[in-house]
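Order-wise, the sequence lines are chains A and B. In this text, residue positions in the first sequence follow our numbering: the first is 1, and each later residue adds one. In this text, residue positions in the second sequence follow our numbering: the first is 1001, and each later residue adds one.
Calculated from the structure, these hints are not laboratory results. Computed from a predicted structure; not experimentally measured. It cannot be assumed that every hint is accurate.
One side only, chain A facing chain B, incomplete, derived with CB under 8 Å [to be verified]:
1. D26
2. Q28
3. M31
4. S42
5. S53
6. F61
7. V62
8. F66
9. P67
10. A102
11. G107
12. T111
13. V113
Note that CB positions come from ideal geometry on N, CA and C, so glycine has one too.
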Amino acid sequence: SAVISQKPSRDICQRGTSLTIQCQVDSQVTMMFWYRQQPGQSLTLIATANQGSEATYESGFVIDKFPISRPNLTFSTLTVSNMSPEDSSIYLCSVTGTNTEAFFGQGTRLTVV
Amino acid sequence: GDSVTQMEGPVTLSEEAFLTINCTYTATGYPSLFWYVQYPGEGLQLLLKATKADDKGSNKGFEATYRKETTSFHLEKGSVQVSDSAVYFCALSTNFGNEKLTFGTGTRLTIIP
């Protein structure tokens, strides 16, 4: 199994500002993912964080809005840039274990005012 | 594209009642299917999975059978407990070895004593 520590757990931010969310895993993993869960909706994949190369973004998500870093096999950050109220969501980090099971952090609950 | 359609909630049942949460999917190829659960205040965790047609996943008294002919993966439990109160997510993956997940909308289950 993998234990994921995600910080911050919640934040309230002013519109126009940026927030960086950190994801730390207790073991080296190949695949790391960032998801968004908007209020009352399902989880949507934002991007795959690739170690040593640029993240791979899903349709509807762009690097300028959600820059991602992956400096090593245990750590990644997601930045939500130039925030608006529509960015209010729960953001989750996920990794894939050796048996293809996905593990999730507890999420970052973001409110933009 | 891939999609998961999940029974909408919230669902409220009495303790020891029979539970079914419906899940159907649309996917290219042969997806792996999952049920994830999110207990209050905790992160998402894998409940059970099935990787090929007619497989039955089971855990903690919950079961789901991969039905290719009906593209379904309904979650069942014969006798629910108060501790089963949580949000349940049906999900699929068609990227073996990558495990990007496509989620349903989630079903909030409340069990009353």
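* Structure versus earlier hints, numbers of those that do not hold, lowest first -> 1, 2, 5, 6, 7, 8, 9, 12 and 13
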